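For the protein sequence lines, the chains are A and B, in the order given. Per this note's numbering: the first sequence = residues 147 to 589. Per this note's numbering: the second sequence = residues 631 to 984.
What the hints contain is simulated information worked out from the structure, not anything from laboratory work. Please note: incorrect hints may appear among the correct ones.
[To be verified] Calculated lysine-lysine pairs in the DSSO-like style (CA-CA distance at most 27 angstroms, straight line):
1) A:K204 x A:K242
2) B:K920 x B:K767
3) B:K979 x A:K193
4) B:K895 x A:K308
5) B:K786 x B:K756
6) A:K339 x B:K771
7) B:K809 x A:K193
8) B:K893 x A:K179
9) B:K893 x A:K418
10) B:K809 x A:K179
11) B:K809 x A:K339
12) A:K322 x A:K305
[Unchecked claim] One side only, chain A facing chain B, incomplete, derived with CB under 8 angstroms:
13) Q292
14) Q367
15) D391
16) V532
Since we're looking at a predicted model, the values are computed, not measured. All C-beta atoms in this analysis are idealised placements derived from N, C-alpha and C, irrespective of residue type, glycine included.
These are the residues of each chain, in order.
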Amino acid sequence: MILNNLGSSLKESLRKLARSNKIDKRTAEELVKDIQRALLQADINVKLVMKLSNNIKKKAIKEEVIEGFDAREHISRVVYEELANILGRGIDLELKGQTIMMVGLQGSGKTTTTAKLAKYFQRKGLMPVVICADTFRPGAYEQLSQLCNANSIPFYGEKGNKDAVEIVKNGLKEKKEYDVKIIDTTGRHALEKELIAEMEDIDKALDPEHKFLVMDAAIGQEAEEQARAFGESIGITGVIITKLDGTAKGGGALSAVSETDSGIAFIGTGEKVDDIERFDPEGFISRLVGMGDLKALMERVEESITPEDMGVEEVLKGKFTLKEMYKQFQAINKIGPLKQVIQMIPFGGFGVDITDKDYNMTKNKLERYKVIMNSMTDFELENPSVLNGSRIRRVAVGSGSDTNEVKELIRYYRMMKKALGALKGGKITGMPKNLMKMFGRQV
Amino acid sequence: MFKSLRDKFASFKHSIGKAVHKKEEAEGIEVSSATTTEEVANISASLSIDEKKTKKEKVGLKDKAKALIIERETILGEEDLAGPLWELEISLMEGNVALPVAEEIVSNVREELIGKKKRIFSNTDKIVEDVLKDSIKDVIKNDGPPFDEIISTGDKPVVILFVGVNGTGKTTTIAKVAKRLTDNGYSVVIASGDTYRAGAQEQIETHAERLGLRLIKHQYGADPSAVIYDAVEHAKAKGKDVVLADTAGRMHTDSNLMRELQKIKRINSPRLTIFVDEAIAGNDAVERAKQFNESIGIDGSILSKLDADARGGAAISIPYVTGKPIFFFGVGQRYEDLIVFDEDWLLGKIFGEE
Chain A
147 MILNNLGSSL KESLRKLARS NKIDKRTAEE LVKDIQRALL QADINVKLVM KLSNNIKKKA
207 IKEEVIEGFD AREHISRVVY EELANILGRG IDLELKGQTI MMVGLQGSGK TTTTAKLAKY
267 FQRKGLMPVV ICADTFRPGA YEQLSQLCNA NSIPFYGEKG NKDAVEIVKN GLKEKKEYDV
327 KIIDTTGRHA LEKELIAEME DIDKALDPEH KFLVMDAAIG QEAEEQARAF GESIGITGVI
387 ITKLDGTAKG GGALSAVSET DSGIAFIGTG EKVDDIERFD PEGFISRLVG MGDLKALMER
447 VEESITPEDM GVEEVLKGKF TLKEMYKQFQ AINKIGPLKQ VIQMIPFGGF GVDITDKDYN
507 MTKNKLERYK VIMNSMTDFE LENPSVLNGS RIRRVAVGSG SDTNEVKELI RYYRMMKKAL
567 GALKGGKITG MPKNLMKMFG RQV
Chain B
631 MFKSLRDKFA SFKHSIGKAV HKKEEAEGIE VSSATTTEEV ANISASLSID EKKTKKEKVG
691 LKDKAKALII ERETILGEED LAGPLWELEI SLMEGNVALP VAEEIVSNVR EELIGKKKRI
751 FSNTDKIVED VLKDSIKDVI KNDGPPFDEI ISTGDKPVVI LFVGVNGTGK TTTIAKVAKR
811 LTDNGYSVVI ASGDTYRAGA QEQIETHAER LGLRLIKHQY GADPSAVIYD AVEHAKAKGK
871 DVVLADTAGR MHTDSNLMRE LQKIKRINSP RLTIFVDEAI AGNDAVERAK QFNESIGIDG
931 SILSKLDADA RGGAAISIPY VTGKPIFFFG VGQRYEDLIV FDEDWLLGKI FGEE
C-alpha cells in the first residue's frame with residue numbers, strides 16, 4: 147500500500163532520535179534526508195518531497211514539543227500531518243444518478259476499473275450502465291463487454307464505430323433509464339494531441355459530474371506532467387490508484403492528486419471486480435499510524451454480511467457449535483481478502499507486522515478447516531463433543547488431512563467458544579461499539 | 631525523451647564546477663597566508679574523513695600533499711562533493727532512476743571524483759561528464775548477443791515468451807516484434823497465452839489479423855502452457871521460424887501465478903523469456919524486474935511507452951537489477967514504433983544534445 151514501507155523506513159529514521167524533548171538542528175537535517183529518500187523511493191514527486199521536507203524541518207525545529215511527548219513522537223506527528231496534506235481531501239461521491247468519465251494513460255487499468263466502479267454502484271443499490279468509448283485499442287470492446295456480462299452489468303458499445311463522441315451520445319440516449327453512467331475511454335498520454343482533442347470532445351458532449359483519472363500505482367515521476375495535462379485539458383475531479391496489490395507504493399499517483407487539485411476517490415487492490423475500495427484520507431493516515439480503519443471495515447461488513455451469515459441469532463442464544471463456526475468462516479471470506487480485513491483492524495492486526503506468507507497461511511488454514519468440517523456429519527457439527535478418537539480418524543481420512551489437523555480444528559473451536567462465552571458474559575469491556583456490532587451484539 | 635536527465639546532469643556538472651572553483655579560491659587564500667601547519671591539519675582531517683567514509687579511497691597522503699602543495703592541483707574531497715552528490719542522487723531519482731540504482735551510480739561517481747587531481751583551468755565539465763557516463767555505462771553494460779543474432783542463430787522454431795505485470799503492453803509489444811520479424815523475412819506464429827483477462831484473445835487476434843499472421847488460441851480459462859505447446863507444435867509442423875507467446879499480466883507478488891509461469895517455461899522451454907515493463911514506471915520497476923527474474927528467470931526486457939515523455943530512468947534501473955539487456959523500446963502506437971536498444975544510443979540520448 148502507499149507509504150506502507152515508508153512507515154517502516156520512517157520508524158528506522160526516527161529511532162535515531164534520542165528520547166529527549168529537544169531536537170537539535172543537525173539531527174533534524176539528517177532525519178529530513180532520510181525522509182526524503184523514503185518518500186522518493188515511494189515515487190513521490192521530487193518537488194512535493196522538497197516542499198514536504200522543508201515543512202517538516204521548519205515545524206520539527208520551531209514548534210514546541212507538546213508536554214508529555216518526546217522528540218520522536220513530536221516528529222512523527224509532524225511527519226504524518228504533512229503526509230495527510232499531500233493525500234488531499236476526500237472526494238464527495240454522492241450515491242445518486244450521475245455520469246462518470248474514466249480517463250488515463252494506456253494500460254493503467256481504466257477498463258477493469260470501469261467494471262469495478264459499476265459493481266460498486268450496484269452494491270450500493272443504484273443502476274449503473276457502462277459505455278465503451280475506447281474505439282482504438284483492439285479487444286477493448288470485448289474486454290469491457292465480457293467483464294460486464296460476467297458480472298451482470300448493463301453494457302453499451304458499438305463495435306466497429308470509430309467515432310467515440312457519437313457512441314457516447316447514442317449510448318446516453320439508448321440507456322436513459324439507468325441512473326449511473328460510466329464511460330470508459332481510450333488510453334492516451336499527454337503528447338498525443340489528437341487523442342487529447344478527442345477526450346475534450348467527449349467531455350463536451352457528455353458534461354460528466356465526475357472525471358476520474360486512473361493511475362497505475364507503479365507510475366514514477368512522469369505522473370506529475372501527465373496529470374497536469376489531463377487536468378488542464380478536461381479538469382479532473384478525482385484520482386483512482388490501481389494495482390496496489392503489488393509492491394508499488396502509489397507515490398506517483400499522489401502527485402496526480404496535487405497536480406489536479408483533487409483527491410483519491412478509489413483504490414484498486416486486485417484483479418477481481420470486487421477489489422475496489424473507497425479511499426478516505428483520514429482512515430488511511432490512521433491505518434498508516436497503526437490505528438486501523440474501522441470505518442472502511444464497517445462499510446465492508448455492512449455491504450457484504452447479514453446477521454444470518456454470522457449465525458448471530460444462535461450465538462446470542464449461547465449456542466456455538468461447529469456449524470456456527472463454519473458460517474463465520476464463510477462470512478469472513480465474503481468480507482474480502484483476509485489481508486485487507488486485517489489491515490483495517492486497529493493497530494495493524496494487533497501491532498504485529500504480518501507478512502504475505504502469514505496471510506496466505508491463515509487463508510489456507512481456514513480453507514483446510516472448512517474441508518475438514520465438510521467431512522463431518524451434521525450430528526458431529528451440532529455436537530462437537532462426540533468427536534472421539536475413531537470419529538476423528540474417519541474425518542481425517544475423509545478430508546485427506548491427518549488426525550493432528552482435525553484435533554487442531556477442535557482446539558480452535560473450543561478456544562472460539564470460550565472467547566465468545568466471555569464476550570457474552572460481558573467480561574471483555576472497552577471494545578469499540580462497531581466491533582461489538584460485528585459480532586452481532588446490539589448496542 | 632530523457633530531457634529531464636539531460637538537464638539534471640548539466641546542473642550537476644555545473645555544481646561540481648562550482649565546488650572546484652570554491653576550492654581553488656580557498657586554496658589561493660591559504661597560499662597567500664602561507665600557513666603550512668594549517669594546511670597539513672586540513673589535509674589530515676579530510677583524509678581521516680575519507681578513510682572513514684569510503685574504504686576504497688585510493689589517494690594517499692603523499693599524493694594529496696604533492697598535488698596540493700607542489701603541483702597546485704585541486705583535489706576534490708568528500709566534503710566538497712557531499713552537496714553536489716546529494717543533488718545528483720535527487721536528480722537521478724527525479725529522472726525516475728530507482729533509489730538503489732541511483733545510490734550505486736552516485737557511489738561510483740564519488741569514488742571516481744574524490745581524489746581526482748584536477749589541474750587548474752582544465753575542463754571540469756568534461757571530467758565530470760566522463761565520470762558520470764562511465765558510471766552509468768557500468769550500471770547498464772551487457773555483453774550478451776543482440777536480439778537479431780539470437781533469432782538468426784537459434785534452433786527453429788525460436789520460442790519467445792513475454793511476461794510482465796498487468797497493463798505494461800505485452801500484447802502490443804508482441805505485435806510490434808512480430809512485425810519486425812516478418813519484415814526481416816522470418817515466419818511467425820503467435821500463441822494467445824493470455825486465457826484469463828477479458829478481451830485479451832480478441833485483442834491479440836486483431837493484431838494477428840492485421841499483420842496476416844497465424845494465431846493459435848484456445849478458449850478463455852484454458853491452460854496457457856497447452857496453448858503455447860500447441861503453437862510450438864504448429865510451428866514445428868509448418869516449419870515456422872519464431873513463436874511469440876503472450877501470457878496474462880500478473881503481479882509479481884502472486885506466488886500462484888508466478889508458479890504458473892514456471893510451468894509454462896518448464897513445458898515449452900522458450901529460447902528467450904522477455905520481461906515487458908513500461909518506461910513510465912518508477913521505483914517499483916526494479917522490484918518487479920527483480921522478482922520476475924528471480925522466480926522465472928528472464929533473458930532480457932522490453933520497455934514500452936517511452937513516448938509518454940518518459941524520463942528513461944527505468945532503462946537504467948532494470949538492466950542493473952536483472953543483469954540482463956534491454957532489447958527494445960516501444961515508442962508509440964504503431965507497429966513500427968519499436969527501437970533497438972544499445973548502450974551508446976541511450977547514453978547519446980541522455981548526454982547528447984537532443
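For each hint, the structure was consulted:
1. A:K204 x A:K242: violated (44 angstroms)
2. B:K920 x B:K767: The hint holds at about 20 angstroms.
3. B:K979 x A:K193: holds (24 angstroms)
4. B:K895 x A:K308: violated (39 angstroms)
5. B:K786 x B:K756: violated (48 angstroms)
6. A:K339 x B:K771: violated (36 angstroms)
7. B:K809 x A:K193: Distance ~41 angstroms between B:K809 and A:K193 Cα, so the pair is violated.
8. B:K893 x A:K179: violated (44 angstroms)
9. B:K893 x A:K418: Given pair B:K893, A:K418 holds - Cα atoms ~23 angstroms apart, limit 27 angstroms.
10. B:K809 x A:K179: With a Cα-Cα distance of about 48 angstroms, the restraint between B:K809 and A:K179 is violated, given a limit of 27 angstroms.
11. B:K809 x A:K339: holds (26 angstroms)
12. A:K322 x A:K305: OK: A:K322 and A:K305 at ~20 angstroms, within 27 angstroms.
13. Q292: holds (4 angstroms)
14. Q367: At about 5 angstroms, which falls below the 8 angstroms cut-off, the nearest Cβ of chain B leaves the hint on A:Q367 intact, so it holds.
15. D391: holds (6 angstroms)
16. V532: Nearest chain B Cβ about 37 angstroms off; hint violated.
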